[in-house]
Amino acid sequence: MLSWGNFISQMFNGLVSGALLALIASGLTIIYGTLGVLNLAHGAMFMLGGYGGWIAYTYTGSYTVAVAAGTIFVLLVGVAMERGIIRHFYNRPPEDQLLVTFGLGIVFVEGVRLVFGSLIKMTPPPEIFRGITNLGFMVYPTYRIAALVIVVVALGALYLILYRTRIGMIVRAGIEDSTMVGSLGINVFKVFMLVFGIGAAAAGFAGIVNAPIVSIAPDVGDRYLVLTFVVVIIGGVGSFPGAVLGGLIAGQLLSLTSMIDPAYSEIVLFVAMTLVLMFRPRGLLGTAGRE
Amino acid sequence: MQGEDERKGMELAVEHINTSHPLMKELAPGVDNGLLGKKLEILVADSAANPNQAVQAEQSFINQNNVMMMTGSTSSSVAVALNKLADREKIIYLPGISGSNDTTGKDCARYGFRQGFFGEMAANAIGPTLVKNFGENRKAAYMTPDYTYGHTVTESVSTYLRDHAGWEVVTNQVSPLGTQDFSQYLTNIANSGADFLINVNWGRDAVLSTQQAAQFGIIPAMTLVVPYQIPFLAPEAGPELTEGVFACTEFWWTLEDEYPLVKQFVEAFQEKYGYRPEWGAENGYVAFAHWARMITEANSFYPADVIAQYEKGETIPSLMGDVFYRPEDHQCVRPVCIVRGKARSEMQNDEDFWEVVEVLSGPDVIQPVDYLGCELGEI
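Protein sequences, first through last, are from chains A and E.
Numbering of the first sequence is given in the working numbering, commencing with residue 143 and proceeding in unit increments.
Numbering of the second sequence is given in the working numbering, commencing with residue -4 and proceeding in unit increments.
Worth flagging that the hints you see were computed from the coordinates, not collected in a lab.
Where hints are given, some of them may not hold.
Stated by the list, open to error - Computed list of lysine-lysine pairs in DSS-like fashion (alpha-carbon distance at most 25 Å, straight line): (1) E/33 - A/263; (2) E/34 - E/20; (3) E/258 - E/307; (4) E/20 - E/3; (5) E/337 - E/33; (6) A/263 - E/34.
As the list claims (entries may be wrong) - A partial selection of chain E residues facing chain A, derived with a Cβ cut-off under 8 Å: (7) -4; (8) 51; (9) 55; (10) 172; (11) 175; (12) 202; (13) 211; (14) 304; (15) 307.
Because the structure is a prediction, the values reported are computed rather than measured.
All C-beta atoms in this analysis are idealised placements derived from N, C-alpha and C, irrespective of residue type, glycine included.
Let's have the full structure, built from the sequences with the hints guiding it.
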């Protein structure tokens, strides 16, 4: 399927899926960067956002309410997770953290399956974003274009929080050296709770924005979890700009390889990750020496 | 969802065998409040369409529960794996929904007997309909799930259309089972210049890919064809997407107008479960009924006797007329039908999604015995 038309189309498609990956990866990377916890339940946060939004949509019929409700719900789940469980693991070995977040992910996925079943649930896009838009080089679903804009705005908001607010400054300082931040008299544990909530909410927000595109099922976050890890590794662990760059690169690799054969798209992505690990282990925008 | 429907058909069959229901007596006259003086009991596990999980569950049923027959699948990869297990453990296996040519082709089993239709039959059935309605030398884009069912159905359908009407495969987009976002595949299809979208995806993948093809404007710009009808596609995707779509299936409930046994089955199923059965339920029910018939006629549960009974190849009833199992590959030669999606305005009730266009006899659409390379093993 090599043609200019298809090349441009797949580039655009890669931009849309890459932006979504960037947003999910941002949540994962700020949690890891600040707290040092690799949250294997991040895919479940993505899924919970979709279900929270879907329930809100079912009762209100409003897309805006669904997005807000899904995001706030996952923010609260994140905070509760951090307060109830994760904080007890800050001083435990990394494998304990992996196991507990992996286990929590399974509990969330199977809990949702138990309550709502395995069948897909659909949250339709708002009326104004339904239908198809002719971009000149291709026709593209209007909602996917809207989702791109929404995700870019969300990434911008996350950037402003991280780089233009006091809490963002503390988070970034915490990423560099949380012990030093604590010794300056800042209650790092309160910040940790907030960071975990915001990181989870980023995935939850992405989950509900993505729901009208692919619909939701209990295992909807599984594939995204794997891809998100690849994005974070390519971009640089703990780096917000790295997550954005990694997401965009991953989106393009997946999409452009699909032009030749979709079966190879994930292989190419993993090859790229391997190359980054070999020649620049800290990731493209990661900081050397950061754990 | 297909799996649940199939299981309900099997559970209804077990209930009918244990109570000598009049419908079951039509299909298996020897049942007498059970089989050979024994009541049937069914054990259920979720395979999650995963062959490893299916084999583990069945192995546990064999070791711990001494089951005498294995059944079920909504994935041909499961059916093929259980075929192998059946031969190894010497236990009769009745695949459920399994559309791969291989299940009674190159991966056939001495202990396996498939009642349902499959890719090659579907291709031979729907091919003439497509050529008659859409003419020759058309361009088709295929969406194929990456496992035995998908590859064999696409191969059969594309070969038929190429050899009989010069249809060209402009692209074949192969996606892994469980794909959620089909945008990469659909972008290729949108740029392929195809006239037809032939969607071979199964289950949730089929629903999502069809919905997303509509989001991309591929439907209705291209004509959708579903060569192997996906149960519950129409209610999940909506009649707006399946309107006018040709599909091949082995059962649709409106056949009750033509076949009295179908009417009995639909009524019994609807009374018990509150909706009209899809073809998975019919498949499960009839496969069980045929097995019960073989047991009673062989007057034995011993697998070798049951196999010998099947391999007599006798003509026996199904819900839609007489059928028989071929001794050479253990495939039931049964009728299949072509359906076309109704517009919402044409639907008589909320389950009236398809109109049966044609019912084709099994011998007319099945391939020659040696065509798919089945070599049955020893008993």
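Exercise for the section: Sort out which numbered hints this structure fails and list those numbers smallest first. Expected result: Those not satisfied are hints 1, 3, 5, 6, 8, 9, 10, 14 and 15.
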